[in-house]
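Participant: Sequence order for the protein chains is L and B.
Just so you know, we're using our numbering here: the first sequence kicks off at 12 and counts up by one.
Just so you know, we're using our numbering here: the second sequence kicks off at 1234 and counts up by one.
Hints may be right or wrong, so weigh each one.
If we take Cβ atoms under 8 angstroms as the criterion, some of the chain L residues that face chain B in the derived model are [said to hold, decoys possible]:
#1 27
#2 53
#3 70
#4 99
In short, the hints are calculated from the structure, not lab data.
Even glycine gets a Cβ: it sits at the ideal position worked out from N, Cα and C.
The chain contents come next:
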Amino acid sequence: MLALALALAVTCAAGAYLATSRDVLRAVIGLSLLGSAVNLVLLAAGRLGPSAPPILEEGRSAFGAVANPLPQALVLTAIVIGFALTCFALVLVLRLMQAARVDDTAQLRFAEPPAVDTVKPPEESDELAERTDGAAALRRRDEPC
Amino acid sequence: MGAASNELHRPSTGSRAFAALVCLAAWVVFALLLVELARRPFPWQFSRAWAPSLGLEFALRVDGLSALMLLLITGVGACVFTYAAGYLAHDPRRTRILAQLSLFLVAMVGCVSADNVLLLFLCWEATSLLSFLLVGTNYQDEDARKSAQQALFITGVGGLFLLAGLLLLAQLGGSHSLAVLLARGPELVSEPLFPYAFAALVIGCMTKSAQFPFHFWLPNAMAAPTPVSAYLHSATMVKLGVYLLARLHVGFGAWPGWALTLVPIGALTATWAMVLALRERDLKRILARSTVGALGTLFMLIGLPGEGAALATVAFLLAHALYKAPLFFVAGNVDHAVGTRIIDRLGGLRHALPFSAAAALLAGVSMAGVPLSFGYLAKDAIKAAKSGSDTLPWLLTVAQSNRVVAALSVAVAAVAAVRVFWKHPGVNEHCDAREGGAAMVLPPLALACAGIVFGLFPGLIEPLLVQAAGAMLPGGAGAQLTLGQGGSEVLAAATLALALGALAYFAWDPLHRLLERRLFDDRFALAGLYRAGLDGLPRLAAFCTRAVQHGRLPEYVALILALAIAPIAAAVWCADGVDLGPLPAPELAHAGAAALIAAGALSACFVTSRLLLLLASGLVGYGSAVLFLFSGAPDLAFTQFVVESVFVVVVASSLLAMRRVTHLRSVVEPRVRPLAAVLSLAFGAAIAALVLWVAAQPFDAATSEYFKSAALPQAHGRNVVNVVIVDFRGLDTLGESAVVLFSFLAALPLLQALRGARGRNAA
C-alpha cells in the first residue's frame, strides 16, 4: 500500500503539473495521467488483498482468498472510457493546433474571448477576430479552396 | 398622453361594451356598498377555510375604517372608470387599462378587508404589481419603463419588509388573524422582538405611501395615464400604508415607540415634499408632490396620541381623496385639451374648459381649507388633534411644521385651480381647446362637489368617520367625537394659512427659480443611491463573472485542484493522530510496478519532446497494468495492456499528423513553474494521504461478498468481474459502451478534417 500511495502521489502531482500547463497537448496528457491515477485510487480503496483473481475454478462453488472484484469491475470500464476520452481529446487538440497554428491555451480563446466592455459580455466581432489570430485562422480554413 | 393617438383609433363595439360594463359594475358595487352601510352594523365578517393544515383561512373583516376605505375605493373607482372610459376613448389600450384597473380595484378591496395577514400581503403585492403594469402603460417610452421599474422595486422591497413584519407579528401573537393580533397588542409590545416587527411593518408602509426617504418614486410614477395617477397614486394605493398603520393603531398606538417613529417621519416627509413641489413645472408632478405631503401629514396624524388624532386621520384621508382625485382629473382634461401640463404654457383656460375650471375651483377650495368646505373641517380636526394631546410637548413642536405644509398646500391648490384657468396667458394659443365630453367632466365635478357638500352638511359623513376613528381606538372610545369643534382659533389659523399660501402662490416663479438649481434631493438622497445601485448591479455581476470565468485554462484547472485539496487538508488538520496502522514493506512486484508508474509520471513532467511526453504517459499505463496483474486483476491488466498498445498507434499517427502542422507557434513556458509545482505537490500529497487513510479504515466487504456469492447461482458465471460488468451492472456497461462509441463518432469528423487538410497541403 505504501508503494502504491507513493506512486499515486507522484502520478497525481505530475498530472496536475501537466494539466496546469499552457501547452494544450501537455494539459491533455496531464488529464490522462490523472485518469490513470483515479483508477489506482479506486483499486486501493478496495484494498490490495490476496493476489488470486476472483475467478471460480471449475467444480468449486465457493471462493477462497481472492482479490476484491468490485473495484476491478469499476476500473475496467474506467480504463476504456479514459482511453476513449484521451484519444478524442488528442484528435481535438491536433485539429485545433492545425487550424489555429498555435498550442498556447492563452491564445485559444474562441469560446471565452477577452472582455472589451466593463458590463456587456464580449461578442464575436471582426475586430476581435483580428486580435485572436486563431479565430481568423479558423475562418480561413473554412473557406472553400 | 391620450391625445397623441386621437383620430387614429375608433373603438370597436366590443371595446365600448367592455368599458360600459366595467363602469356599470363599479357603480353597482358602490351603490350596493352604500345600501349595506345603511343596513348592517359593523363588523362584517366572512371566513372560509383556505389551507387548514397551515392554519390559514380566507378571512375578511370590515369595520368602520375598512368601510371608509371601501367607500373611497369603489366611489373614486367608479368615477375613475367613467373618466378613463372617456379619457381613453380613442386609445387602443383602453380595454387593457380598464381591465387592469378592475383587477386593481379587486386587490384593493381585498387589502382593506382582509383579516388574515397573508391574504393582506397577497393583495398588497398584487396592487404593487398592477401599479407596475399601469405605470408602464407607455412601455415604448424609456422613462415610463424606468418609472414602472422603480415603483415596483421600491414597493416590492417594501412588500418583503411588510411580509417579514407580518410573519414576525403572527409568530409573536400566535395567530394569523389581524383582529386577534390587535386584541393582544398590549401584551405583544412587551415582547423583545416586537420593535423589529414594528420596524419592518413601518418600512413596508413607508415605501407604499412614499414616505421620506422613499418619496421619489411617486412623482416618477406620473408617467402613468392620468386616470391611473388619479386612482392609484393619489386616492387609493398610496393610502394603503396609511391604512395599515391606522389599522395597527388600535393595538400598538400606546407603545412609546409609535409616536416617536411616525411623527418625525410624517412631518419630515410632508415638509420636504411641499418644498419639492415648488421645484416642479409639470402640473401632475406638482400634484404628486403635494400628495406625498398629504401622506406625510397622515403619517404624522396617526402617530399623534389622542382620540382627536384618530378622527383627524380619517377626516383628512377622505378630504384628500375628494379634492386630489378631481384635481388629477382636471390636469388630465387640460392635458387632453391642450397637449401640455407645463404650467408656464397654461393660462386663461376658463373659457375653453368651463366645467373643468369649476371642478378645479371647488376641489381647490377644499384643498386650501377655505371655510365651509370639507377640507376646512379636516383642518379643524387636525388642529384639534394637535391641541388635544399634551403628553409629549416636543411632538407638538414637530407637528407645528404642519403650518408650512398647510400654507404650501394652499399655494398648490391655487396653481392647479387659479393659475391654469384664470391667470392671463402670455400668448393666446389654446383657443381651439374643448372639453372632452360628459365622461371627463362629470367625475371631477361629482367628487369636488362631494367635498363641498360634506363640508356644508358634515352630518352626512360624520357617523362613518366616527366609526372609522373608533376602529383605530381601543375599547370603543371616541364615540362622542364630532367634527367642527374648533371656533375662532381654527378660523384664524386657516386665514393665516390662506394668506401665507397666497404669498407663496404669487412668489411661485421666483421660488421655483431659486429651488430649481438645487439638485441635492436627486443626487444625495435615496434616489441617487437607487440609481447608483441600479447601475452598479450589472457591474458587480460582470466583475464576479469575470473573476470566475476569465477564460484562462490553467487557472481553471488550478482552482479545481485547490478546491479538491482544501477539504482533504482541512480533514487532516482537524483529525489529530490518525492511526494508519502497520505499513508492511511492499511486495517486490508492487514496488516494481509503482516504480514504473512513478518513473513514467516524472519523466512526462520533464521531457520537452512531444514524442517522449506521449510515450512517458504510456509508461504510466504499462506500470498500472503490471500492478493490476500482480493484484489479482488479470482482466484489468490485459485491458490496460491492449489500451496502451493501441495508444502507441494513436500516438504515432498523431505525431505524423502533427508534423504536417506547419508554422506552429509553440508556447514558451518556463521549465519550472514554481506555483504550479507547489500546487501539484500538495495535490499529490493530499491524494496519497487520502488513500493511506482510507486503507487504514475498517473494510466493509458486504457488496463484494454479495457479488462473489451471487455470481455462480444467479448469473452462471465464474469470472466475478465479468459477471458484474455484463450482468449485474449490464445497463451501466451499455451506457459506457455508448460513451466510447460517441467519442469515436465525435472524433471521426475531426480526423477527416485533419486528413483533408493534409491532402490540401500536399496538393
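Participant: Hint by hint, say whether it matches the structure.
Facilitator: Now the hints, each set against the structure:
1. 27: Result: holds, 4 angstroms to nearest chain B Cβ.
2. 53: 10 angstroms, violated
3. 70: 10 angstroms, violated
4. 99: Hint on residue 99 of chain L: holds, closest Cβ of chain B at ~4 angstroms, below 8 angstroms.
Against the hints set out earlier in the document, violations occur for numbers 2 and 3.
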